[in-house]
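**Student:** Sequence:
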Amino acid sequence: MPVLLIIMMLLGGRLLGTGIIYRVSRLLGPRFVDWVGKRSKFLRRNLEQFQNKLGRWTIPVIAAARLTPGLMQVSSVAAGTVRVRYYQLVLAIVLSSIVYDGTLILLGTLARLGLKDVKPEYSAWIVIGFVAIMAAIFVAVHLVRRRSKLI
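Its first residue numbered -1, the sequence shown is counted upward by one per residue in the numbering used here.
Quick caveat, the hints were computed from the structure, so don't treat them as lab data.
We treat Cβ as the ideally placed atom computed from N, Cα and C, and that holds for glycine.
A couple of the hints might just be wrong.
Stated by the list, open to error - Quick list of simulated restraints, FRET-style, between CB atoms:
(1) 83 to 2: 27 to 33 Å
(2) 125 to 26: 33 to 39 Å
(3) 130 to 41: 35 to 41 Å
(4) 6 to 26: 27 to 33 Å
Generate coordinates for the entire structure from the input sequences, incorporating the hints supplied.
**Tutor:** Here it is in structure tokens:
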């Protein structure tokens, strides 16, 4: 029960913090893009292409960006700037939270149960497990995209 409470608190904090960043970037982002776009046609064109390519991949793209070190806040700012729907952002936050927290809980439980005598450096096991899960997600997304192109 305490684990569920901790997960809910983490999710609430993520939703609150991301919501604030999203709202501010939704308000100020287009002005910044217009200002930069006047100086760089390349940036404006690439931003429009990015918005058009997101399409149905919006939630997985934001979730993957949130799971990438250093891109958590950037994904929130980008989502607000390109005016991603708020419910899609919330779903991406929930998805990335399930993956991240679930990975930590699973690896921690496995380390506690199965690796008592080995005495490993737990942070290395967490990183290895996380990389393996992210690789599996990448392969799955790649296969789905490849299949959709064939159809």
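**Student:** Would you mind marking each hint as holding or not holding in the structure?
**Tutor:** Verification of the supplied hints:
Taken as a hint, the range 27 to 33 Å holds for the pair residue 83 and residue 2, whose Cβ atoms sit roughly 28 Å apart. For the pair residue 125 and residue 26, the supplied restraint of 33 to 39 Å holds, since their beta-carbon distance comes to about 36 Å. Taken as a hint, the range 35 to 41 Å holds for the pair residue 130 and residue 41, whose Cβ atoms sit roughly 36 Å apart. At about 31 Å, the CB distance of residue 6 to residue 26 agrees with the hint of 27 to 33 Å.
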